[in-house]
Amino acid sequence: MTENHHDVTKTFPRYSATFDEFTISQIQRAAATGIYDIRGGGTKRKLPHFDDLLFLGASMSRYPLEGYRERCGTDVVLGTRFAKKPIHLKTPVTIAGMSFGALSAQAKEALGRGASAVGTSTTTGDGGMTPEERGHSSTLVYQYLPSRYGMNPDDLRKADAIEIVVGQGAKPGGGGMLLGQKISARVAKMRDLPEGIDQRSACRHPDWTGPDDLEIKIEEIREITNWEKPIYVKVGASRPYYDISLAVKSGADVVVLDGMQGGTAATQEVFIEHVGLPILAAIRPAVQALQDLGMHRKVQLIVSGGIRTGADVAKALALGADAVAIGTAALIALGDQSPDLAVEYAKLGAKPGTYDDWQDGRDPAGITTQDPELAKRLDPILGGRRIANYLSVMTMEAQTIARACGKSHLHNLEPEDLVALNMEAAAMTQLPLAGTNWYPGKAGF
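The sequence shown begins at 1 in the UniProt record's numbering and counts up by one.
Think of the hints as simulated: they come from the structure by calculation, not from any bench.
Treat the numbers as computed from the prediction; the structure is a model and nothing was measured.
A few of these clues could be false.
[To be verified] When the alpha-carbon atoms are kept at most 27 Å apart in a straight line, the in silico BS3-like pairs for lysine-lysine are as follows:
#	residue 1	residue 2
1	90	158
2	85	298
3	90	44
4	189	85
5	46	249
6	158	189
7	249	189
8	217	249
9	298	90
10	249	298
11	376	351
12	44	249
13	217	84
14	189	376
15	90	217
16	189	217
17	85	347
18	249	84
19	84	298
20	158	84
21	85	158
22	44	298
23	298	158
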């Protein structure tokens, strides 16, 4: 009996829950190389997300809107607090900052074309503004980052809004990497860096140490741009109540909150997987901060980090956001990680959907590369159409949900339209657990 049991155990070996196959491989890699792992693509661990929420559609107690015959608005105005020229978008789905350097010039152009086709904005990312991106973006947000790579006052004036980046969801408190394979002659010139040498972005701005200095910097940028441009402040989700409060008090027109499911060009895996908050946990305290200051809807809130579908958009807006930003999803829409390229990804030791090698400049889709031959594979006109299609579908999906909830505008969605599927989501959002009127911590229970 004992011998048979022993034989069965040999036939069905088990990995430890603590030392699973991946963890063992990481320990072995660290022991062999003496360096930490750097990658892109955002967190791979399962985290609470928008899938943990459901909408309550209209039935007897609520009156739905009829299909496509009754209007459901989708537009949003950003920067109404101080800017002379707020930006008016037709959809609340925007393109997040992704740099020329991390992405090819063709990819940046395609993002601008697609966003413009549906009346929304795109964002420069680190490393400055390319003529292709500015020329094909009807509304372009210029990122002002700690590195200041490629920054100049002329480009600030050319932009339609300025986004001061304090932190990013994938690495709040840390800087990113752009590997030397991507520092082409053009990238090096724009960033004033040596060609072919790994570049690390700074983790904090060199000329301020706190919100008082941020207020001064916002005033300087307003003067440079004649108070025309909306000023965004972007923070990685870590202490959202206090960070959003300080951004508002520093004079921001718009605050951008980036959850840890957001992608990144490249940084330490330990950062990606173990620092920050899921966006689902961060929205409620951010909205609470705006409400406590009497600034909700006066200072607009953009959320990002793992937005994939129109349902995600609708849920973010119902929780109190004014708009969302997408990054990784936009790259997938462009054609990155396509199954059609499975053979070429296999040559890199990866496969579609893993993103394990997308930051090192060998992307066969021509999107996350500076290799001129690979970059030629991406047609920016076709890529722009794919982006426009994707953004249109997301907007229509969000409209479909809003109509089902009886709302004539996406911004009329509210927490009352949602329930949580599990205890974690209920506690994070303070939405009732489905089938109850209770959430963890609710007074009186």
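Do the hints match the structure? See the list:
no., hint, verdict
1, 90 with 158, "holds (21 Å)"
2, 85 with 298, "holds (15 Å)"
3, 90 with 44, "violated (32 Å)"
4, 189 with 85, "violated (32 Å)"
5, 46 with 249, "violated (34 Å)"
6, 158 with 189, "holds (20 Å)"
7, 249 with 189, "violated (37 Å)"
8, 217 with 249, "holds (13 Å)"
9, 298 with 90, "holds (19 Å)"
10, 249 with 298, "holds (13 Å)"
11, 376 with 351, "holds (21 Å)"
12, 44 with 249, "violated (35 Å)"
13, 217 with 84, "holds (18 Å)"
14, 189 with 376, "holds (21 Å)"
15, 90 with 217, "violated (30 Å)"
16, 189 with 217, "holds (26 Å)"
17, 85 with 347, "violated (49 Å)"
18, 249 with 84, "holds (19 Å)"
19, 84 with 298, "holds (15 Å)"
20, 158 with 84, "holds (15 Å)"
21, 85 with 158, "holds (13 Å)"
22, 44 with 298, "violated (35 Å)"
23, 298 with 158, "holds (25 Å)"
Violated hints, in rising order: 3, 4, 5, 7, 12, 15, 17, 22; the structure is consistent with all others.
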